[in-house]
Amino acid sequence: MKLVVCVIIDKEVDALLLVEQSLGRGYWFPFDEIKQGETRALAAKRITSKLCPYDFELVNVLKIRCSDLLPCLPSTQTYYLITKGRLTRANGTNLVNSIWMNFERMKTAIKNRELLGLEPYYLLKNILERQQVNGWDDFISGGQIFEESILQFIDCKQPDPNNQLIASPQEQLMGSAKFNAKLQERIFKEFYSYTFPSEYMSFQAFVEAMDNKLSITEKTKIQAYFRAFDAQQKSYLTYSDYLLGLAAMDPSTSHGGAPAEQRCRYIFRFYNIKNNGNMSIEEFRELHTDIQNLKDGKANNDAPPYSEVVSAFKYIFLNSVGQLKYRGTPVVFRLSTIVQDLLRMCKRYKDVKTDNSNNQG
1 MKLVVCVIID KEVDALLLVE QSLGRGYWFP FDEIKQGETR ALAAKRITSK LCPYDFELVN
61 VLKIRCSDLL PCLPSTQTYY LITKGRLTRA NGTNLVNSIW MNFERMKTAI KNRELLGLEP
121 YYLLKNILER QQVNGWDDFI SGGQIFEESI LQFIDCKQPD PNNQLIASPQ EQLMGSAKFN
181 AKLQERIFKE FYSYTFPSEY MSFQAFVEAM DNKLSITEKT KIQAYFRAFD AQQKSYLTYS
241 DYLLGLAAMD PSTSHGGAPA EQRCRYIFRF YNIKNNGNMS IEEFRELHTD IQNLKDGKAN
301 NDAPPYSEVV SAFKYIFLNS VGQLKYRGTP VVFRLSTIVQ DLLRMCKRYK DVKTDNSNNQ
361 G
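Each residue of the sequence shown is one higher than the one before, starting from 1 at the first, in UniProt numbering.
Derived by calculation from the structure, the hints in this document are not laboratory data. Please note that the accuracy of each hint is not assured.
Unchecked claim - Taking CB as the label site, the calculated pair distances span: (1) Tyr122 / Arg265: 42 to 48 Å; (2) Ile64 / Ser22: 39 to 45 Å; (3) Thr220 / Lys111: 43 to 49 Å; (4) Gln232 / Pro71: 38 to 44 Å; (5) Lys2 / Leu151: 17 to 23 Å; (6) Ser98 / Gln223: 24 to 30 Å; (7) Gln232 / Ser22: 33 to 39 Å.
Bear in mind the structure is a predicted one, so any value in this text is a computation, not a measurement. Note that beta-carbon positions come from the ideal geometry of N, C-alpha and C, so glycine has one too.
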């Protein structure tokens with residue numbers, strides 16, 4: 001698949017034109033596949049001509065990203081830097097689901113989860129930094145234009161109680177969950193099928209990807225699951241974030257040693273609704289309630305007496321900080337089935353893949 005991605009900038013206000021090509025998925029660069037017999041430059045002009053009533057000028061190629069080495073539909077994405085002209089075309093019409101975003105507006109969009117992925121933020125930041133050095137008249141792409149992405153595997157190492165330093169906490173988590181290279185590759189395929197053409201998973205894409213992994217009751221807490229996976233607090237997930245989060249939830253993962261410490265971090269973020277690094281007694285009450293209900297096999301969310309919650313809360317801080325003496329955490333933040341039995345490709349991505357296979361045939 002050959003894609004052309006149009007990075008359209010208004011130099012007067014330092015803003016990018018973003019569009020929502022699929023309703024509800026979020027704003028991103030305008031893009032499309034190159035048609036048969038069409039050059040990349042012509043494809044870029046075709047894409048921009050449909051957007052809004054302005055003339056556009058192709059400046060240069062920002063980057064060419066090749067994904068031939070990734071375990072997914074092979075694609076080459078050519079990013080063109082395009083500037084908005086001053087002239088207005090009489091026959092042009094504004095695209096309804098498009099928006100101009102400057103750097104500050106983009107920060108707000110990230111916080112409000114309005115983007116498909118973080119690429120517009122990082123590219124605009126990079127463009128503005130280079131423009132300040134070289135100016136628009138002598139603007140150059142700078143750096144390496146060609147990018148060839150590869151999948152970075154995390155070694156799947158079994159925890160060694162006699163030598164914790166042999167493997168990193170992430171490697172021990174992979175080992176405990178039995179996430180070998182083959183399974184990590186399958187997880188990447190699932191991840192990318194929901195994020196394509198971005199490399200970041202938005203909240204909406206996360207909701208779609210987790211739909212078959214959570215019960216109806218668990219889906220009501222999807223915001224908490226996303227917060228737990230979002231260890232870097234960027235409002236968007238990388239493949240590594242998604243991989244490690246699934247490993248922490250896998251029922252095979254041990255709740256002892258380094259994997260337990262990693263799981264506890266996810267559990268804390270899950271229940272830390274304010275996401276401020278400090279768990280209030282009300283947030284702890286949610287954790288304590290879930291543990292008691294899961295241990296007792298209850299399907300409802302009957303809360304224990306408040307006095308019991310206060311007593312458990314005090315016990316943790318007085319007697320068991322750092323000693324993992326608060327019992328019950330192994331049962332929370334768990335999938336009901338091992339991850340390898342829950343992986344599936346996004347139908348939207350499978351349709352694209354099928355269309356390309358037919359075209360090649």
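Is it true that the C-beta distance of Thr220 to Lys111 lies inside 43 to 49 Å, as the hint says? 23 Å, violated
Taking 42 to 48 Å as the hint, is the beta-carbon distance of Tyr122 and Arg265 inside that range? At 26 Å between Cβs, range violated.
C-beta pair Ile64, Ser22: status relative to the range 39 to 45 Å that was hinted: 24 Å, violated
Supplied distance hint 17 to 23 Å, evaluated on CB atoms of Lys2 and Leu151: 21 Å, holds
Go ahead and decide if the range 33 to 39 Å is satisfied by the Cβ distance of Gln232 to Ser22. 26 Å, violated
Within 24 to 30 Å or not, the Cβ separation of Ser98 and Gln223? 28 Å, holds
Beta-carbon spacing of Gln232 to Pro71 - inside the hinted bounds 38 to 44 Å or not: For Gln232 and Pro71 the Cβ distance comes to about 24 Å; the hint is violated.
Hint compliance for this structure: hints 1, 2, 3, 4, 7 are broken, all remaining hints hold.
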